[in-house]
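In order, the protein sequence lines correspond to chains Z and R.
First residue of the first sequence: 144, per our numbering; consecutive thereafter.
First residue of the second sequence: 56, per our numbering; consecutive thereafter.
Derived DSS-like pairs: lysine-lysine, alpha-carbon spacing no greater than 27 Å straight-line:
| id | chain 1 | residue 1 | chain 2 | residue 2 |
| --- | --- | --- | --- | --- |
| 1 | R | 171 | Z | 217 |
| 2 | Z | 185 | Z | 306 |
| 3 | Z | 217 | R | 163 |
Treat the hints as calculated values from the structure; they're not laboratory data.
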Amino acid sequence: MNVTAELWQALVVCFAAIFTGNILLTTFLGMCSFLAVSREVKASVGLGLAVVFVMTFTTLLNWVAYWYVLVPLKLEFYRFILFIIIIATFVQFVEMVLERYSPVLYQNLGIFLPLITVNCAILGACLFMVIRSYTFLVTVGYGFGSGVGWMLAIVAMSGIRQKMSVARIPKGLQGPGITLILAGLMALAFLGFTGVLQGK
Amino acid sequence: MSAPTEREQALPKPRAARRKESPLRKAVLEGLWHNNPVFRQILGICSSLAVTNLVLNTLVMCAGLTWATALSCWTVSLLRNWTPHRIRMMVQTLIMAFYVILVDLALKAYWPEMSKNLGPYVGLIITNCIIMGRCEAFARVNPPGLSLIDGLFSGIGYSMILTLVAVIRELLGMGTILGFPVPYFSTGWDKWIILVMPPGAFFTLACLIWLFRSIQSDPEGKKP
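From just these sequences and the hints, can you work out the full model?
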């Protein structure tokens, strides 16, 4: 495949990851932090940005590690451990670099970084990219798109939840219950994008 | 030895004391009901909502998860005195990953089509917050046997709810259970296709959480 076609495919995959196959609303990944953090818009934006950043780079690193280390050695079944270690190391490294060189960014983003290590969306994206055997460029598009899609969902949700703080909700439904229903409605809205990419 | 007075019997104290006496029973009840991972703690729903559109997938996934939770808790508890405090998360993650890899390999070897159906979700058991939660909260400070029971019943409590979600989704969405058509639902029922699609999972789970929390808050009263 030549580079232009691959770039085009990367764009398509990126768009698909944001809208038609949103990692949160269609594959349910990253629900825990989604439910816990989506109370305020500001925190959601911070966490969302951190996820975009970490997801883009860890999918890349893991792509290289999988196709150039595990596959030649025929150790594919070690991928869970390897991916987890790479994600954890990367997050730790970013945290240290940020702390050293950009205290402002660290203040805003730093507290969310440890949370990300256990965010299933990151590991999920890495596993999906292996299963669908994306090429390198497409992986870039996929990682970035998934991160942006996740951020979009959590920011939208926190906006809705802030408005909802004055609404009267049945007791058993308060908190996670109503958030899940809202997520369901958002997933319905995102279903509307299905078919946009038909024929691709 | 004097018999307990009426007033002493009326106090709720003996019940609480008895519960404290048998940590085993407490661990079982906590996992299944009082502290159910799904509707009480809202943990670990991430990786599993996606497989609840078919009952069979859900059962396999839950079995894998229960096995991994129970044994990880047991191992973490065995190693609890030798694990350095600062790197305990990493150690726990590696222990979980070990058991999940066993599940993955077993599925690939003996049931390839199920392995394909579940896709990345088997691997995602590693980041399932239930395991980490139980290891951190319980197994780290309790003896191995008890931790095994705690992990096992947390897993079962979780499986219970997810299986319920799966039954509802498959029955109302496709009119079948485990692939077999159910008399009324496969013929006369107007199938709710939406339940098999992603939004259906959110709605079903939300309604179940609502239901269980409402039931639970009645007898417990003041429980937070």
